[in-house]
Every structure is written in C-alpha cells, then in structure tokens.
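Chemist: Chain by chain, the residues:
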Amino acid sequence: MNCESCKDLLLTEYIDNEITPVLKDEVDAHLQTCMECRLFHCRIEHEILNPFLGADSVTPPRDLWQNVKASLETSKLSEEDIPNSVSERDVSKVRYGQESNLPLPASSKEATLHENCEVSFPNRMFDILKYFSWNWTFAAGIVIMTLLTFSFRSHPPIGPKISNPVRVFELASMSAVSPDLARQSLPDDLENGIAAIDNDDLESVIIQNSSFETPMEEFFL
Amino acid sequence: MDEITPELIRQAANGHIPSCEHLFRVYSPAVFSVAYRMLNQREDAEDVTQSVFVKVYSKLRDFRFEASIKTWIHRITINETLNKLKKTTRERENIDCFSKTHSEDSSKNNVDICVEREYRQQVIQGLLNLLSPEYRTCMILRNVEKFSYQEIADTTQVNINTVKSRLKRAREILLAHKTEVMNNEL
Ligand SMILES: [Zn+2]
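Protein sequence lines, in the order shown, are assigned to chains A and B.
Final position of the first sequence in this note's numbering is 481; the numbers increase by one with none missing.
Final position of the second sequence in this note's numbering is 244; the numbers increase by one with none missing.
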C-alpha cells in the first residue's frame, strides 16, 4: 500500500469503521512502517475526530411539542372541513367494499347502518350544494334572475290568449266587465307579468281603460 | 432509541396525537441537533424542527416501510434546513465570526471566560461553518449523529462513493484550515 491510498483510507473508511478487515490490516501494516502516515493519522484524530467527541446533544426547547401539536390540530381541523377527504373515502371503501355499486356517502360518518343490514345515506342534495362556494351560488343566482327578467320581458307568462296585461284591459273594456272581474279571470302569474311591463305600457293601459269607475292605478296596486 | 413500530407509524399517519407525540419525542432531539449544527442559530433550528414534524405528519401516509423512518425524517430535515439556509444570509457572517473566534481560542486565553462546554460547542460550530452545506451535512450526519455511510447516502439521496468523497474533501478542508491557523500563529 502506498502513502496516497493509505491517507485516503485514513480520511474516510478507516476512521469511520467502514473499512473491510483485509484493508484495515493493510493500513495497519503500512502505519507500522511509515512515519509520515502515522503523523497524518495523529492529526486526523486530534483535529477532526476529537473536537466532535465533545458534541453534546443539543436539546430542543420543552414547549416545542406544544407548537407542533397546535399546528397539527389546526391542519387536522381544516382537513375535516373538506368533504370526501381521502381518509373518509378510504374508510368507505373498506367498509362497503371497493367493488360495491353503492354510492360513496359524502361522509362515511353520515351513513346509517340499519338492523336489517341496509345502509342508508342522507340526502345528497345538500352535499352537492356544499361544493359550491357562496360566491358561485351568488353568481349563479344573478345569472338566473337576469335570464328570468329577460324571458318575462319577451314572453310574459300569461297564456296564449291573453299575451300581455294591456290586452287584458282591452278585452275587459271591449266586453264591458269591471277590472275586478277581469282580475279574477286572470291567470295567477299575472302579477309577474305586471312586474315586467314598462311604464309606457302602464300609461297605455290607463288611457285605454279610463272609462272604468275604478282607477287603473288602484288595479295595479 | 425507543422502538418505532409500523403500527405506531400508521396511527401517527391517521393523526393519532399520542403516536405523533411519541414520534416527536424519539426524533426531535436528532432533528433539532442537525438543524442547529447546520444553521448555527437556535431560533432557526426551532423553526425548522417544527416545520419538519408538520411535514412528517402530513407526508407519513406516503411513507414506504421499506425505507428507514430515521433516514426518511432526516432527509426531510436536511431539505428543510437547506431551504432555510438559502433564505438566510447569516451563513457568510457566521464564517467570518468563526474565523476570528477560532484564531483566538488557539491562544487558549479565552478558555477561562467561556464555560468549557460552551467552548467545545463553539469549536464544533466553527469547524462546521468552514464547510459548504453539502460537506457540512455529511460531517454532521457522520461525526455528530454517527450515521453509517449507507444511512448518509439514503438521507442525502446520493451514492456511497459520493458520501465518501464528500467526507474526504470536508476533512481535507478542516486539516488545511488548521494548518493555516497554525502558520498564522507562528
Ligand atoms: Zn505512508
């Protein structure tokens, strides 16, 4: 063994006890005969190994576990807020069998096992709604309202014969019935139709029905 | 070291608090020690220890039992520590600070001032701070935590020959530094 390979081993496997017995014998034999490598070995022990022998285990502060526990509980709590979390899905698979055609309950905790071994699930409608955040629900509400408003504007829902309130009063004036009677014969959703008509329409209604005793304004109240 | 059974790991993975605490009691001293040696800052080491265990608990479901939990936790520790090191600019300052301390302590005048124990820790930190994070990691795992080469390789995810050459290089740097200090004294 030459000095270079001896020093390489002294820096690594020899001092770390990772050397094979055969190689260790070779290094020991070389150290017996080589003063330079013996000195090198001394330096390694003194300057590298010995300082680290004094490495006390530094202990973490006592309250560190409390901090970890707190963040653990926080993360656990937020995990429970999410429906169909992985763990619950897994639990359901185990409980109901992976091949089963049963629908997975939104939460396995909500499933009820009856005495006749039937499993019932709560109404899932609410679970579906839970997927929508309030923002999306609000946005969807706005869209539906807008669509309804426009559809009433173009097609007031009063039926085929009486297509708009104005015609109701034309009809009423032609057949000389009082507006009260006309109101009774109207479909229930006239109110919606009224809500949808413009002020212009209202004026035309008033003009056309001015001969009636009951003022038209009152009719619309 | 207390025995960590697969059952305990499974329970901790399911959020069983007493099992999590047991895992913490067994491994937090080593995690904190490694973080402290790497960062040379108690507060930073506490932060890292906390984030290591939060990560350990959240990833425990993915833990494959063929790997050792010890090296797995240390791998997370090293990664978290290296991330922390990148964020802090203290590293450079620490080295400068050490070079001064180390030169002084060779004269042995300050030994009386420092408690013996404190002094030894300072020497160790001084030596470690001379090394790049890669070399420092290997030195801490080997010379402080007494890891085997295979354990270091598993923890740092490099092969054994790389571990060997990093340790060799790290020790050469330490020897060279000592020589330099001694030459300056003469
Ligand atoms: Zn030799």
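Calculated from the structure, these hints are not laboratory results.
Be careful, since some hints might not be right.
Said to hold, decoys possible - Derived Cβ-Cβ restraints for the label pairs, each shown as a range: (1) A:N262 / B:K117: 42 to 52 angstroms; (2) B:R100 / A:R298: 32 to 42 angstroms; (3) B:L233 / A:Q292: 34 to 44 angstroms; (4) B:K117 / A:Q292: 44 to 54 angstroms.
Because the structure is a prediction, the values reported are computed rather than measured.
C-beta: ideal position from N, C-alpha, C; glycine also.
Chemist: Which of the stated hints cannot be reconciled with the structure, identified by number in ascending sequence?
Modeler: 3
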